[in-house]
Amino acid sequence: MDKMPDLLIRANTQKISYGDKGILRRQKSITISSNHRVKPVSKISSPNVGWGRKQQPTWSASLTCFGIIAFCPVLVIFSWVVLEEFHGSLLEALEALVSSSPWELAAKYSPKPSLEATSAYIGWLLLQAVLYNYLPSKLSTGQLTPAGYLLQYYTNGLTAWILTHVAFIASVYFNLVDPAWIAKNWAGLLVATNCYGFLLPAFAYIKAHVAPTHAEDRKFSGSILYDFYMGIEFNPRFGKYWDFKLFHNGRPGIIAWTLINLSFAAYQYEKYGYITNSMVLVNIFHALYVIDFFINEDWYLRTIDICHDHFGFYLGWGSIVWLPSMYTIQSQYLAYNPVTLSTPATLTVLTIGLGGYAMFRSVNSQKDIVRRTKGNCQIWGRQAKVLKCSYITADGKEHESLLLHSGWWGFSRHANYLGDLILSYSTCAACGSLIGDHDKFRGQACISKPVKWQFPAAIHCRDQCLVIIVSPLLTTRASGLILQAYQSIDIPSDAPFVLKPSPGKGWGVFATKPIEQGAMILRENPLFVIRKPHEWITEEDVWTAFQSLVPRGKQQFLYLRDNASKPFTSMSEAFAENSFALSSSSTHGLYLLHSRFNHSCLPNSKIPTTEGPAVACFATKDIAPDEEITFCYNTDFECRARSERHEALRFICNCKACLIGTPFQQLSDLRRIFIRGLQYLTLGVDLDGKRQDSVSPIIIDPILKKAAENFNIPLSARLIYNVLVAYLLEEEGLLDHFMVKRLEPGILRSVAFFETEGNVEIARLAMLQETWLEKLCTVFKLYGRADTADHAVAVGLRMLSGRSRNP
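Using my numbering, the first residue of the sequence shown is number 18, and each one after it goes up by one.
Bear in mind the hints are in silico, worked out from the structure with no lab data behind them.
Just so we're clear, the structure is a prediction, and the values are computed from it rather than from any experiment.
Do not take every clue at face value.
Below are the DSBU-like pairs computed for lysine-lysine, each with C-alpha atoms no more than 30 angstroms apart in a straight line [claimed, not checked]: (1) Lys522 to Lys673; (2) Lys571 to Lys517; (3) Lys517 to Lys391; (4) Lys155 to Lys257; (5) Lys638 to Lys522; (6) Lys129 to Lys201; (7) Lys129 to Lys288; (8) Lys758 to Lys530; (9) Lys257 to Lys236; (10) Lys673 to Lys758; (11) Lys673 to Lys530; (12) Lys201 to Lys224; (13) Lys638 to Lys673; (14) Lys288 to Lys125; (15) Lys517 to Lys155; (16) Lys758 to Lys638.
For each label pair, taking beta carbons as the anchor points, the in silico distance ranges come out as [unchecked claim]: (17) Gln395 to Trp553: 30 to 38 angstroms; (18) Leu175 to Gly256: 21 to 29 angstroms; (19) Gly256 to Thr360: 49 to 57 angstroms; (20) Asn192 to Gln395: 48 to 56 angstroms; (21) Gln395 to Glu102: 50 to 58 angstroms; (22) Asp385 to Ser188: 33 to 41 angstroms; (23) Leu108 to Tyr289: 22 to 30 angstroms; (24) Leu371 to Phe88: 33 to 41 angstroms; (25) Phe691 to Leu371: 53 to 61 angstroms; (26) Asp639 to Ile312: 55 to 63 angstroms.
Yeah, the Cβ is synthetic: ideal placement off N, Cα and C, and Gly gets one too.
Sequences are here, hints too, so could you generate the full structure?
Here is the structure:
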């Protein structure tokens with residue numbers, strides 16, 4: 018994400034025009050005020066905000082839910098069959114599936130229920146329930162539910178994890194439990210967990226109908242399949258604190274995760290007589306992940322699982338079955354297919370994995386501290402930058418949410434997912450390459466063993482689902498608030514544009530239909546006008562103007578927000594960031610819509626001039642539907658190179674003229690510098706209206722520089738320069754019809770000044786050519802030719818400029 022600028026950029030320089038003498042001049046024109054690529058965000062109120070659930074799912078959504086409910090348990094069982102019966106070779110398993118019917122394969126290899134495993138699993142659930150309920154615990158507070166409930170949770174997971182593992186290790190030490198028992202009874206445990214994984218969401222579904230904990234937080238879609246899968250209740254509970262969602266997400270499955278890994282490591286030792294370094298890496302990475310989860314359990318209360326998802330099959334079965342069976346796939350694989358890594362490979366995988374974890378923890382810590390301090394903190398030594406969004410819950414109360422856009426979150430939208438993926442892929446890398454692993458115990462190469470890569474694949478799919486599916490749903494809560502904010506600004510009903518996100522720029526103006534060149538896009542009267550120079554405008558001036566507005570006008574002004582979506586600290590600041598200087602530099606107007614247009618150094622619209630307070634924007638090119646409408650924030654940028662433009666803007670423009678290193682950008686810089694030099698030759702001053710006395714002037718030849726400053730440039734050279742400027746502007750894509758209307762009359766008058774007969778003929782012939790290139794080629798015939806009018810023109814220009822002295 019591009020950094021947002023902190024300082025106001027005001028393009029107070031005047032644009033180039035061609036006056037009645039056919040000579041480059043400067044004229045006063047509109048001045049664009051802009052200090053942000055990301056436009057201010059207005060605060061909105063949206064009643065009955067609910068997130069994470071469709072109200073009326075389509076038949077395809079319901080069918081998809083059914084497919085997931087039916088397919089995922091089969092995938093879990095199939096993965097076990099591949100590991101148990103086919104040595105982790107997916108190719109062999111598929112060959113067996115093809116050679117026999119699925120029903121025969123299922124009958125032969127499906128795991129069988131076991132009374133021992135079922136009893137043990139029931140005991141496991143009861144043990145974790147007792148620990149969850151009775152271990153000493155602090156009460157941690159989650160985030161507001163859609164209905165406005167602020168719930169508290171038992172967060173004693175770390176203590177429960179430690180006690181569970183101490184008990185397991187002690188039982189193994191005293192020979193009370195076989196350390197490989199879980200691995201040896203994995204088939205029966207898969208059956209038991211799947212049974213409970215279906216019973217749990219079924220119970221939650223019934224409870225939501227007959228005994229809901231918070232009825233206002235329920236979401237009914239009208240589809241049994243969709244409601245069973247996505248859940249109805251947001252936080253089903255027993256009593257005040259016993260939370261279904263946190264218990265099942267954060268106890269039976271995730272505590273079992275590291276126990277399962279240890280058990281399969283013990284099984285590897287029992288089977289082969291040693292534990293491989295790859296198995297050690299897998300246990301380290303997974304233990305790191307699990308312990309981090311419990312150390313930061315109160316942070317988990319602010320994640321999507323708790324704050325967004327309702328409790329149904331997705332969370333219930335996923336936490337009970339998918340997590341312990343699929344997230345431990347690497348240790349299962351290594352127990353049957355030991356892989357010993359070289360020392361360099363071990364160190365490389367360990368370093369990458371720890372780096373991914375460090376990134377994951379840093380990213381999430383930044384977001385957490387910003388929310389805990391309400392943005393009043395530093396990220397990487399700088400003040401955190403946040404977007405503040407407001408929303409209203411079903412109880413009618415207004416709340417705020419912060420979106421961080423600095424630190425890691427300033428570099429990437431989903432840096433948290435990246436760290437997560439690096440760690441998960443490192444775990445799989447510990448198992449060896451994706452194909453071609455050599456299994457010395459089978460004496461042959463086992464091709465295509467992607468089973469061990471299912472963990473990162475699952476993580477990747479989960480994260481992509483969050484990006485693709487959940488993010489749009491969260492739009493109601495965050496990004497959608499910004500959209501509704503912009504919809505709160507009055508837009509003419511016949512306007513050919515809408516306001517919507519612009520990649521890399523925040524929000525922008527986009528065409529809704531074809532707009533022809535020359536067509537007016539928007540004519541806007543200011544909300545109010547202050548007739549003072551910008552630097553003299555005070556808070557009292559803006560307040561007085563605000564008080565004169567009608568109620569709707571006041572509301573429109575109050576919609577304005579700064580880049581962080583915060584209220585402006587002063588009315589004068591809001592005015593400065595959303596006002597334009599009119600044709601008179603002592604008059605400024607506040608324009609709600611024109612302030613929303615983004616900048617481009619190659620714009621497709623412009624505000625050519627202002628007569629009175631109204632501002633009108635016209636298309637300078639044909640604009641296609643859904644194309645962003647932009648104009649140039651500074652009216653002398655046609656004479657500035659890329660680095661100078663960006664220094665003035667204090668942000669990076671991404672137009673074609675600014676894409677560094679491209680042939681067009683390099684030629685663009687040359688053209689614009691050339692135009693600036695030609696302006697100096699005809700005006701005798703630089704863009705700021707002053708002579709160049711710097712060590713690096715645009716005109717380096719002292720004789721030519723002095724001739725320009727004393728207006729001793731011959732008339733023929735002036736005409737060549739003016740036509741050349743037109744041609745360069747055309748090549749740059751800046752010669753719009755407004756520029757031509759100003760340029761052509763001045764050049765034609767310049768032609769009229771010629772007195773020498775041959776010069777007159779060449780100049781008139783040049784103006785008869787169709788293209789500017791043809792005009793330029795013809796007018797170059799005047800190069801080096803003097804004219805009897807040269808002295809009179811020079812004297813006249815010196816008198817107009819106040820430089821009446823003789824050269």
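Hint by hint, here is what the structure shows:
{"no.": "1", "hint": "Lys522 to Lys673", "in the structure": "15 angstroms, holds"}
{"no.": "2", "hint": "Lys571 to Lys517", "in the structure": "23 angstroms, holds"}
{"no.": "3", "hint": "Lys517 to Lys391", "in the structure": "27 angstroms, holds"}
{"no.": "4", "hint": "Lys155 to Lys257", "in the structure": "14 angstroms, holds"}
{"no.": "5", "hint": "Lys638 to Lys522", "in the structure": "21 angstroms, holds"}
{"no.": "6", "hint": "Lys129 to Lys201", "in the structure": "13 angstroms, holds"}
{"no.": "7", "hint": "Lys129 to Lys288", "in the structure": "23 angstroms, holds"}
{"no.": "8", "hint": "Lys758 to Lys530", "in the structure": "26 angstroms, holds"}
{"no.": "9", "hint": "Lys257 to Lys236", "in the structure": "21 angstroms, holds"}
{"no.": "10", "hint": "Lys673 to Lys758", "in the structure": "26 angstroms, holds"}
{"no.": "11", "hint": "Lys673 to Lys530", "in the structure": "23 angstroms, holds"}
{"no.": "12", "hint": "Lys201 to Lys224", "in the structure": "36 angstroms, violated"}
{"no.": "13", "hint": "Lys638 to Lys673", "in the structure": "15 angstroms, holds"}
{"no.": "14", "hint": "Lys288 to Lys125", "in the structure": "24 angstroms, holds"}
{"no.": "15", "hint": "Lys517 to Lys155", "in the structure": "44 angstroms, violated"}
{"no.": "16", "hint": "Lys758 to Lys638", "in the structure": "15 angstroms, holds"}
{"no.": "17", "hint": "Gln395 to Trp553: 30 to 38 angstroms", "in the structure": "35 angstroms, holds"}
{"no.": "18", "hint": "Leu175 to Gly256: 21 to 29 angstroms", "in the structure": "23 angstroms, holds"}
{"no.": "19", "hint": "Gly256 to Thr360: 49 to 57 angstroms", "in the structure": "54 angstroms, holds"}
{"no.": "20", "hint": "Asn192 to Gln395: 48 to 56 angstroms", "in the structure": "54 angstroms, holds"}
{"no.": "21", "hint": "Gln395 to Glu102: 50 to 58 angstroms", "in the structure": "56 angstroms, holds"}
{"no.": "22", "hint": "Asp385 to Ser188: 33 to 41 angstroms", "in the structure": "36 angstroms, holds"}
{"no.": "23", "hint": "Leu108 to Tyr289: 22 to 30 angstroms", "in the structure": "24 angstroms, holds"}
{"no.": "24", "hint": "Leu371 to Phe88: 33 to 41 angstroms", "in the structure": "35 angstroms, holds"}
{"no.": "25", "hint": "Phe691 to Leu371: 53 to 61 angstroms", "in the structure": "54 angstroms, holds"}
{"no.": "26", "hint": "Asp639 to Ile312: 55 to 63 angstroms", "in the structure": "59 angstroms, holds"}
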